[in-house]
Amino acid sequence: MSGAIEYFQFVLAPQMLIGLVVGVAVILVALGLTIIFGLLDVINMSHGEFYALGAFIALALASIGLPFWLLLILVPLVMIPIGYVVERGLIQRVFHTSERHVTTLLLTFGLGLVMEDVFRLIWGPNPYRPETPIAGGVDVFGIFVPSYRLFLIVVGAAIISAVALIIYRTRLGAMVRAAAYDRHMAASLGVPVRHVYAGAFAFGVALAGLAGVLLAPIYSVFPTMGRDFILMAFTVVIVGGMGSIAGAVIAGLFLTQVQAIVSLYISPVWSDPIVFGIMVAMLMVRPQGLFGRLGHG
Amino acid sequence: MTYKTMMMAALLSATALGGAQAADPIKIGVVTPLSGTYAGIGQQVKWGLDLATKEVNAAGGIMSRQIELIYEDEEANPSVAVQKADKLFQSNKVDFLTGTVNSASTLAVGQVAERAGKLIATTVSFADPITGDKCSPNVFRVNAKAGQQSAALAAWLAKDKPKAKIFFLGPDYLMGRSTVAAFKEAAEKTGATSLGEVFAPLDSKDYSQYFGQIRAAQPQVLYTSVAGNDTVRLLTQMQEFGLLRNLLVLGASGTVTAQNIAAIGKAANGFATGVGYSAELNTPENKKFVEAFKAAYKTEPDLYGADSYGLIYAYKAAVEKAKTTDTDKVRDALRGLTWSTPQGQKTIRAGDHQAIQTMYVAQVTDGKFKIASEVKGEDAIGPDTCTRF
Amino acid sequence: MRMIDALTRSMRASHLLVALLVAASLVFAAIGAAMGETFYLRLATEALIFAGLALSVDILLGYNGLLSLGQALYFGLGAYLSALVLMWVPSFWAAFAVTAVVSAVVGLIGGFIANRVRGVYFALITFGMAQVAAKVVYNTRALGASDGLIGVPVIDINLGIISFSSASPAGFFLFVLGVIVILYGVTAYLLDTPFGRLLIALRANERRVPFLGYRTMTLRLSAYVIAAMIAALSGALYPMLRGFVSPELLFFSTSGNAVITVIVGGVGTLAGALYGSVLLTLLKSVVGSYTEHHVIVIGLLFMGAVIFLPRGLMGIVRPAVERMLTRRSKP
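Chains as they are written, first to last, in this note's numbering: chain A, 1 to 297; chain B, 1 to 389; chain C, 1 to 331.
Just chain A, same shape as in the assembly:
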C-alpha cells in the first residue's frame, strides 16, 4: 500500500504535473487556431510560425534590454497589427472564392513556409535559449518542480479563462459569436463584420505570439519551432471540435495527460502516434469534434 502511495507521489503525480505544463502550452497555441477557424472558417497553417514570430520578437526586444514581464504585454500588442494586415491583405484576397477552405489553407501554408525561411535568414538556424525569468524550484509534496513551470500553469490558466470570458461574456464577444453564426444577419444588425474578422484573426495570432513568449524559456527559440507544436495544437483543435474553446481546453488537457501517463510505460516517442491516431479516429467517427463550433450552441 505504501508502495502505491509512494509510486503516486514520486512517479505518477510529477509526471501528470509535467503533462499539465505541456497541456497548458498546447492549449495556448490551440486557442488562437480554434478562434480563427470558428469565426473565419480558415485553417491557419501558418499559426505555428506566428507562435515562432512572437518568440523572435520577444528575443529581439529582450536584446535591447526590455524585461520579460513587459514583453508579455508588448509582444501581443505588436502582433495584433501584423495579424490584422495579414487578414486584410492576404486572407481576404481569396476569402470569397468557392473553395475558401482549401485556398485559405494553401495560402497560409505558403505564408508559413516563407515566414520560417525569413526567420532563418534573420536569426540563423540555431536555437536561442532565453534566460528563465524565474529561476529555482519549489518543493511540492516532496517533488522538486521548477518555479517557471508552475508559473506557466497559473498564467496559462488565467489567459485561457480571460479569453473564454471575453468571447462568452462581453459585448465584443457577442459580436464575434454573432458574426460566426450568421455573418449577413450580424452585418444587418450593425456588427462591423469586416473588422470583426480581421480583429479575430489578429487576436488569434496575438495569442500564438504570447504563447511564443511564454514557452521560449522552456522550448528555446528557433526557426522551425512552430512545427513541433502545431501538430499537437491541430490535434487538440480537431478532437475538441474546430472552433470550440471549451473543446480545445478539454481535449488539450486530456491528450497531454494521455501522453504523459503513456510515457511512463512505453517509450515516450510512441505517444505521438497514439495521439495522432486518436485524431484520425475522431475525424472518422465525429468530424465535428467533441464540442460544436463557435457561435453554434
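Read the hints as simulated data drawn from the structure, not as lab findings. Incorrect hints may have been included.
[What the hints assert, rightly or not] Listed below are the simulated BS3-like cross-link pairs for lysine-lysine, each with C-alpha atoms no more than 30 Å apart in a straight line:
hint: 1; chain 1: C; residue 1: K284; chain 2: B; residue 2: K93
hint: 2; chain 1: B; residue 1: K134; chain 2: B; residue 2: K329
hint: 3; chain 1: B; residue 1: K288; chain 2: B; residue 2: K54
hint: 4; chain 1: C; residue 1: K284; chain 2: B; residue 2: K294
hint: 5; chain 1: B; residue 1: K329; chain 2: B; residue 2: K27
hint: 6; chain 1: B; residue 1: K159; chain 2: B; residue 2: K189
hint: 7; chain 1: C; residue 1: K284; chain 2: B; residue 2: K27
Following the hints, complete the assembly by docking chains B and C onto the known chain A.
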C-alpha cells in the same frame, strides 16, 4: 615520428619538390553539420580541418599540391548528407570526403562513396557498426568508436562505484542505440545492473516527459549519449527538476565537451566519460596543438577538433606513401597506417578500418575536465567484427 | 467528323505539352550523358520521381476537388516496400509488383477512412493518417527507425530488349521518364473514360450523380486508390536512385511539396504536375546557388499562384496550345 619531425619532413619534401611546377589542388569535401543541434560539433570539425590544412599548405601541401576544403551543411540528417556528398563527388570532383557527424549519415555517405569509387573518413561518428557489421572498404574511422569509449569508462565505473544500478537515455538513432548497447554490455560485464533504457529523438527541446521512467527506476547512475545542444537541455532540465541529486551521470565522448560545457554550467559537475582526447593531455605535441588552436579560434579544441585535425595528417601520410590520390592505392596506404597526432600515435586496423588509440576517462570538476584514468589502445579496441573485407 | 469537346481538347493540349517535355528530356539526357554529368542527371531523375507524386495529388485535387495533405504516406509506402524487396531480391519487377499490390490494398483501407469526410476534413484526415504512418516508421527499429534503410543494392533493370543498371545516370533517367510518362498516360486515359467524366461531374455537382445511377463512394474510392498507387509506384523508384530511404519521405514536407508543385504547375491539368516539378527543381537549384533561402522564393511563388493564378503555369500556357490545336483542326 613526432609531430615536429613530421612537420620537418613535410617541409623537406616540399623543398625537394619545390622545383616541380605547382599542380592542381587536392580537393577534400567536408559534409558536416553547420546548423542544427550538432552545429557546435561541425564547428570543431571545421576548425580542426582548417588548422591542419593551413599548416600542411604552408609547409608545401601534399606532394606539392595544396589542399582545398569544400564545405557543405549536413544538417545532421542522412538524406541531406547523401545529396551533398553526391554533389561533392560528382560536381566538385573531390578526391576524398570527411566531416559526417550523424552516424547514419556516415553509413549513408559511405554507400555514396562506394558507388562513386571514392574514400571517406569520419572523425566523429561513434556507432560501432560503421567499422563493424556495416563496415565498408571505402570508409575509415580515425576517432574512437562507442566500444572503445565504453571499455575505458566501464573499467573506471567498476572501481569508483562497484555494482552500480544504471539507467540509459540515448538519442533515438543509430549512434544512441550503439553507444547504449556498448556501454550496457561493458558495464554488465564488470558487475553493474541495468534498470532500463529510453531513447529520445535527436534535437528534443523538452526532456521532462522522459523523467517519469527515470524516477520510477531510481538509478544510481545515468548513462546518456545525447550530444551537442541536446546535452545542454537534458542536464539543465534534470537539474531544474532536482533529478541530479545523488545521481552520477556518465556519457559518451561527445556528450559534454569544450563546446557545450559552459552552457551546461553547474549541471556538468561530476560528469564522467570515456574519451580518446582531452585538451588536458600533458604531452608536448598536444600543448603545441592546443596553443595553435586557441590562437586561431579563441577556444580549446575538443575531441572532434583533435580527431579532425589528425585526419588531414593521416590522409597526407597515405597519399605520400601511395604517391597518388587514386582510391585503391590510398586505401592500401591507409590500412595499417601509423601516424602521429596530438593524441599520440594512432594506427588504423587493416581488418576493419578502425583507428586504435589510447583511451582516457575524463571527469568534470568545477567546470573543467580532469583525466581520471587511462586504458591502452589494444585493451580498448575489442575484436574485429568486420567481415566484408 | 467526331465532336471534340472542351475536355478532350484540353487533354490533347496537355498531351502535346508532355510530348514537348519528353523531347526536352531526351535532349537533356543526351547532353548529360555526353558530358558525363552525373549530378544533374540524378537531380532531374529525382524531379521526375516527385512529379509522379504530384500527379497523384492532382488526380485528387484537380479531378475530385479533394486536397490531400498526406499523399507522402503512399509515396513513402512505395519507397519502403521497394527498398525492402530490393534488399531481399534485387529485381525491379518484384519491387514494382509488390508495391502495386500492397499500395492498392492500403489505398483501399485509407480511402475508406478518408472518404468518410469531405472538404477540409478530408485534408485534415489525410494529414493525420500520414502523420501516424510517419511516426510509426520513424519509431520502428525493423524499418531502420529515424535512420532509414541504408544499403539498397544497385540493380539491373531488364526490359527484355535492353538491360541497364540503376546506377547508370542517363539510363535510369530515361527509364524513370518512361515510367512517369506511362503513369501520366494511364491517368489521362482513365480520366477520359466515362469513369473519369463521372468524377468530374461529381466534383461539379455531388448530388446529381447518384441520380444517374452511380454510387459516389465507389467512384471516389476508385480515384483515391488510383492516386495511392501512382504515388506508391513513383516512390518505388526512389530507393533505386538514391540507394536508401528515410522517414523524411513520409513527412508533411514531402506531401506539402507535392501540393506546391501541383498548384504552381496547374491544378487539374496533369501536365502541370510534371512541369511544376521540373520548374521547382530548377528554381531550387538555380536560386539555391545564390542563396540557401530558396524557400522564400518558392513560398512567394506559391502564394502568388494561389491568389492570382488558380490554374498555375498551365493556366497561362495551355489555353494558347488549345487555341493552336483548334486552329489546326479547322479546315
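Going down the list of hints, with the structure as the test:
At roughly 22 Å between alpha-carbon atoms, K284(C) and K93(B) fall within 30 Å of each other, so this suggested pair holds. For the suggested pair K134(B) and K329(B), the alpha carbons sit about 22 Å apart, so the restraint of at most 30 Å is met. Between K288(B) and K54(B) the CA atoms are separated by roughly 15 Å; this keeps the pair inside 30 Å, and the hint holds. A distance of roughly 39 Å separates the Cα atoms of K284(C) and K294(B); the hinted pair therefore is violated under the 30 Å criterion.
Annotation: proposed proximity of K329(B) to K27(B) holds, straight-line Cα distance about 17 Å (limit 30 Å). With a CA separation close to 13 Å, the supplied pair K159(B) and K189(B) stays within the 30 Å bound. Restraint check: the Cα-Cα separation between K284(C) and K27(B) comes to about 25 Å, which is no more than 30 Å; the hinted pair holds.
Consistency with the previously given hints fails for number 4 only.
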